[in-house]
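Undergrad: Sequence:
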Amino acid sequence: MNATTLLFVPGDRPERFAKAAAAGADLVVLDLEDAVAADAKDAARANVAAWAADHPCAVRINSADTAWFRADLDALTGKNVTIMVPKADDPAVLAGIGGDVIALIETARGVLRAPAIADVPNVVRLAVGTFDLAAELGVDPTDTQALLPTRGALVLASAAAGLSGPIDGVTAAIDDAERLTADTAYARRLGFAGKLCIHPRQLAPVSAAFRPSDAQIAWARRIVDAAKGAVAQVDGEMVDKPVVDRANAILARI
0 MNATTLLFVP GDRPERFAKA AAAGADLVVL DLEDAVAADA KDAARANVAA WAADHPCAVR
60 INSADTAWFR ADLDALTGKN VTIMVPKADD PAVLAGIGGD VIALIETARG VLRAPAIADV
120 PNVVRLAVGT FDLAAELGVD PTDTQALLPT RGALVLASAA AGLSGPIDGV TAAIDDAERL
180 TADTAYARRL GFAGKLCIHP RQLAPVSAAF RPSDAQIAWA RRIVDAAKGA VAQVDGEMVD
240 KPVVDRANAI LARI
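Residue numbers (numbering that gives the first Met the number 0): 0 to 253.
No wet-lab data here; the hints were simulated from the structure.
Hints may contain errors.
Each computed SDA-like pair below joins lysine to any residue, with the alpha-carbon atoms no more than 25 Å apart [unchecked claim]:
no.	residue 1	residue 2
1	Lys-227	Ala-251
2	Lys-18	Ala-39
3	Lys-78	Gly-23
Between beta-carbon pairs, the in silico distance windows are [said to hold, decoys possible]:
no.	residue 1	residue 2	range
4	Ala-21	Met-237	43 to 49 Å
5	Arg-15	Phe-130	33 to 39 Å
6	Gln-144	Lys-240	30 to 36 Å
7	Ala-248	Gly-151	14 to 20 Å
8	Gly-161	Val-243	14 to 20 Å
Backbone N, C-alpha and C fix where the C-beta goes; we use that ideal spot for every residue, glycine too.
Input sequences plus hints: build the corresponding full structure.
TA: Written as structure tokens, this is what we have:
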């Protein structure tokens with residue numbers, strides 16, 4: 000599972016589902032958790048189940064410690080959906096969910112268990128929930144250094160389990176394109192390969208930030224071409240397997 004842009008849509012706003020699907024996100028995430036008030040959970044669940052019956056999507060269900068968790072799963076049984084589990088911290092719970100799972104890591108326990116979570120067979124991706132995690136840790140979610148160990152842990156766990164790079168949390172400043180681009184570029188440098196979005200106009204900047212630059216693409220092509228022949232160096236750099244692998248990874252992101 001290698002989606003780069005994932006767009007949240009409140010589950011109690013069914014009039015937005017089609018618009019979100021047409022916005023250009025790699026994956027639309029219908030939200031039954033944070034975006035939906037307690038008294039609207041049942042109606043939102045019905046909305047989402049009806050849409051998911053005919054449209055591939057992801058659904059962020061309510062966490063396993065809530066009264067809505069089982070009802071959410073039951074409503075989505077047999078649907079072509081990827082389940083995003085918030086506050087994921089128990090590999091056994093994730094393993095018991097039928098179908099593909101995106102594990103949203105947003106607790107200290109979840110971070111410490113990230114390797115075991117990534118190894119669950121039906122977990123296809125890790126994501127980080129920066130705001131909930133920062134609240135638990137007592138740090139500023141906009142401070143890139145504060146959550147650096149967490150991001151590093153998720154990148155390592157994903158790589159060790161053979162998953163695509165993890166998905167970064169949301170940038171809440173919808174109208175600040177510069178901040179969004181900076182946040183996304185930072186996550187990409189750390190090894191992240193996607194980002195959660197909360198508005199359609201965030202999609203293009205996020206996609207652009209994850210796309211390799213022209214210089215990177217040109218370098219990667221020179222490396223791949225050199226590897227086909229007998230050239231031992233490109234731009235003064237030894238062309239060995241790790242360098243070729245990096246070049247191929249860059250070209251795969253075009």
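Undergrad: Next, verify each hint and record whether it holds.
TA: Outcome of the hint check:
no.	hint	result
1	Lys-227 to Ala-251	holds (18 Å)
2	Lys-18 to Ala-39	holds (21 Å)
3	Lys-78 to Gly-23	holds (22 Å)
4	Ala-21 to Met-237: 43 to 49 Å	holds (47 Å)
5	Arg-15 to Phe-130: 33 to 39 Å	violated (22 Å)
6	Gln-144 to Lys-240: 30 to 36 Å	holds (33 Å)
7	Ala-248 to Gly-151: 14 to 20 Å	holds (18 Å)
8	Gly-161 to Val-243: 14 to 20 Å	holds (19 Å)
Hint 5 from the list above is the single one not met by this structure.
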